[in-house]
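Residue numbers (the working numbering), protein chains in the order written: chain E, 1 to 299; chain V, 1 to 305.
Any given hint could be a false lead.
Partial list, derived from the structure: chain E residues whose beta carbon lies under 8 Å from chain V [what the hints assert, rightly or not]:
1) Arg12
2) Ala46
3) Leu129
4) Ile205
5) Phe209
6) Phe212
7) Leu213
8) Ile228
9) Trp240
10) Leu249
11) Ala250
12) Cys254
Reference listing, derived: stretches of chain V covered by chain E, where coverage requires no fewer than 3 residues with Cβ under 8 Å from a Cβ of chain E [to be verified]:
13) 53-61
14) 90-104
15) 213-225
Rather than coming from a laboratory, the hints here were simulated on the basis of the structure. No residue lacks a Cβ here, since even glycine has one placed at the ideal position from N, Cα and C.
Each chain is listed here by its residues.
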Amino acid sequence: MRDALFGTALARLCCGVLLFAGASALLGPLVSPWAFDAVDWDAIDAPPSWTHWFGTDGSGRDLLARTLFGTGVSLFIAFSATAVSCLIGIPFGLVAGYLGGRADLVMMRVVDGLYALPFVLLVILLVALFGRNIHLLFLTLGAVYWLDIARIVRGQTLVVRGEAFVDAARALGATPLRIGLRHIAPNVLGPAAVYITIAVPGVIIAESFISFLGLGVQEPRTSLGMLIADGAREMRSSPWQLAFPACWLAAILCAFTILGDRLRDAVDVVGGRRRSHDERRTAPFNRAPLPLPPVRGAR
Amino acid sequence: MARYLLRRIAFSLVTLWAVVTVAFFLVRAAPGGPFDGERRLPPSVEANLRAAYHLDDPLPRQYGRYLAMLVGGDLGPSFRSKDFSVNELIGRGLPVSLVLGGLAFLLALAAGVGAGTWAACAKDRPRDRLVTIWATLGLALPPIIVAPALVLLFAVGLGWLPAGGHQGARHFVLPVVALALPHAAAFARLARGAVIEVLARPHVLTARAKGLPGRRIVVRHVLPSALLPVVSFAGPAAAALLAGSMVIEQVFSLPGLGRHFVQGALNRDYTLVTGAVIVYAALVLGLNLLADICLVRLDRRASHA
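One chain only, chain E, in its complex shape (with noise of 0.2 Å):
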């Protein structure tokens, strides 16, 4: 696990970019001279200089400001989504898992129910309707990102299951709800770990898709996705700010892809085996690779 973070030059790189990323949103405002929403009247629609180093927008704000406010909304957002996400699958897949049998199979159908749904537009649908408030945003998206983690949860539940340790856990007395706390989720969240940060950059892209479409954050709130859309539509006479913030997204995305392959490589898991590199390659997979069987209907 360590190696796979620190293991090469290009790991050590993708962990100082999501550092540096990660502290410039948090310590970025306080230092900055420039507030995200205050306005420059000396420097509307400037480009980049050494007051304003990332430029300003057509209303006078300081894009670096901008820029690392939007990052620490949409690193909110994403972490936000994902403990939601966890909140419901881990249990949900705990139980099916530890269940098994029939109550398993009608769980995992509601799965992939859920999953046939074109659930992205049921979220813009909502936040469309329902006013762009940030805490429904990642109340939403978490309802959608749980699908994943409960079946990794669920697979990762049915091998420990089948362990030792269990069944003398089981001969000992313990209640189902002590060996599922105590014995089976401590073994089941490792790995359930890995999934969690490979989730965070889709829900990173399915929140700057919405902002894009002009329905996340409200004004003068701004998040990466917004400050792109914002960038595209003034490209052609100010190219820096579409040119800054998509960079800097862009960044960070390829940080947490990169590492997320790195990290899945080093824990994939599957029947007790670990699995190669290119074996594991051909696992289907859509949003995020899973270290499951193919699963017809899958989204």
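We have chain E already, so just place chain V on it with the hints.
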């Protein structure tokens, strides 16, 4: 086979019905109605409008009326665009989206499978590295970055291609490329992994020992079995291409289905939004069904999964 097919079709229909129901009640539970304009309408006019569109009926009756209309293939009148029915609006947008999505799908499939196979035949050599890097970038970067970047480079910077509109074939080049790129990358990774795996199988060794030329081995002995995971991904990918075209339509100002959906959602045009969601859902479910049928025809084991 027939039983499997029937079960899958029934499952898709139930899912579609669930989408219709959720969309119907969601839209009506939202605050704000389709007739809230800049100026408040006189109460009598608003009451008349509501009566004309049957919005003053109890919800269950509205729902029943809507389902009955749907079965007849009618999505109802648009609440906002007064002179148009939803069928007309969607009928105008859908061809644009279908052409865009269809071309992007073909491009993604051809480029992805081609590049993946090409890379797998030279595993760990430079061209394999190149394809792997390209696939990683393509997967990491969403259309909202790629599409504006392509416009900036090829339309604004170099001036080779138009930046928007849909008058001719040239207008579709950039949107199709931008839409196809992430999926081409996904196809490339899948195909590369599968081809590498199949190349290591004994029957390929036999074919090589017989002295068959490399190209023939790949085409006749490797690709048929290596393409199974690609086919199982093709259904969801085709569906995602159609839904993902919303951003592309926005950037390139193409009047497709996605624009109608976003506009309808912003204007609270109940019937238009519900109609667009239903059409999208039907497309997605239909394509997944089609992919499953292809998969079962290629590999009988899949029907027992």
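Q | Numbers of unmet hints, in rising order | A | 1, 2, 9, 13, 14, 15
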